[in-house]
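Listed below are the residues making up each chain.
Number of protein chains: 2
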Amino acid sequence: MSDIKKVRTTVDIYGQQYVIVGSESPTQIKLVAAMVDEKMREISSKNPTLDTSRIAVLTAVNAVNDYLKMKDRLEQLEKELKKEKD
Amino acid sequence: MSDIKKVRTTVDIYGQQYVIVGSESPTQIKLVAAMVDEKMREISSKNPTLDTSRIAVLTAVNAVNDYLKMKDRLEQLEKELKKEKD
Numbered sequence: 001m002s003d004i005k006k007v008r009t010t011v012d013i014y015g016q017q018y019v020i021v022g023s024e025s026p027t028q029i030k031l032v033a034a035m036v037d038e039k040m041r042e043i044s045s046k047n048p049t050l051d052t053s054r055i056a057v058l059t060a061v062n063a064v065n066d067y068l069k070m071k072d073r074l075e076q077l078e079k080e081l082k083k084e085k086d
Numbered sequence: 001m002s003d004i005k006k007v008r009t010t011v012d013i014y015g016q017q018y019v020i021v022g023s024e025s026p027t028q029i030k031l032v033a034a035m036v037d038e039k040m041r042e043i044s045s046k047n048p049t050l051d052t053s054r055i056a057v058l059t060a061v062n063a064v065n066d067y068l069k070m071k072d073r074l075e076q077l078e079k080e081l082k083k084e085k086d
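Chains as they are written, first to last, in the working numbering: chain A, 1 to 86; chain B, 1 to 86.
Some hints could be false.
Since the list gives no way to pick one copy over another, a pair counts as held whenever it fits inside one copy or between any two copies.
To be verified - Under the rule of at most 27 Å between Cα atoms (straight-line distance), these lysine-lysine pairs were calculated in the DSS-like manner:
#, residue 1, residue 2
1, Lys30, Lys5
2, Lys83, Lys71
3, Lys6, Lys30
4, Lys85, Lys69
5, Lys6, Lys46
6, Lys46, Lys83
7, Lys46, Lys79
8, Lys6, Lys69
9, Lys83, Lys6
10, Lys69, Lys5
11, Lys5, Lys46
12, Lys71, Lys85
13, Lys85, Lys5
Hints in this document: simulated from the structure, not taken from any laboratory.
Produce the complete structure using the sequences and hints provided.
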C-alpha cells in the first residue's frame, strides 16, 4: 500500500469539471486549474476558430515549454551554487 | 515591429498537426511537442474513456503543476545562492 495520501479535488476548467486525484493539496490543484483555465481563455481569444481540444493541446505545449525553460535556469543556478560552495 | 524573429514549426501531437509560431527554435518546439504527445498517451492509457480534449486539459494541468513546483525550487535556490554570496 502506498504511504502517499491521495487527495481528490474537483475543479472547473474551461467550462468542464475535472476530478484531480493526487498527492497535491486542493489549494495547489485549484491554483493550477485556474492557471490552465486562464491560459486556455487567452489562447482561445487570440484564435477564435480553434476547438477546445486544440486549445488544450496548445496550453499544454506552452506549459511544458515554460517548464523546460525553468528547468534550464534551475540547473544553471545549481551549478552556480555548487561553485560558490566549493 | 518586433525584433524577435518568429519561427514557424509544424509538429504532430496525438495524431493532429499543429503549427507553432514563436521565438523558440524548431528543435525546442519538437522536444516540447514530443513530451506533450507522450504525456497525453500516458494519461489516455490510464483513462481509456477520456476524450482528446479532457486528456489535453489534464496534460496541461500536469505540466503547469510541474512548472510551479520547479518555480518554487528555483526561488528557494535563489535565496540560498544569495545567502552564500552575502
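Structure-based check of each hint:
no. : hint             : result
1   : Lys30 with Lys5  : within (18 Å within a copy, 36 Å between copies)
2   : Lys83 with Lys71 : both (19 Å within a copy, 21 Å between copies)
3   : Lys6 with Lys30  : within (16 Å within a copy, 34 Å between copies)
4   : Lys85 with Lys69 : both (25 Å within a copy, 24 Å between copies)
5   : Lys6 with Lys46  : between (37 Å within a copy, 16 Å between copies)
6   : Lys46 with Lys83 : neither (44 Å within a copy, 43 Å between copies)
7   : Lys46 with Lys79 : neither (39 Å within a copy, 37 Å between copies)
8   : Lys6 with Lys69  : between (29 Å within a copy, 18 Å between copies)
9   : Lys83 with Lys6  : neither (39 Å within a copy, 36 Å between copies)
10  : Lys69 with Lys5  : between (30 Å within a copy, 18 Å between copies)
11  : Lys5 with Lys46  : between (40 Å within a copy, 19 Å between copies)
12  : Lys71 with Lys85 : both (21 Å within a copy, 22 Å between copies)
13  : Lys85 with Lys5  : neither (37 Å within a copy, 39 Å between copies)
Hint compliance for this structure: hints 6, 7, 9, 13 are not met, and every other hint is.
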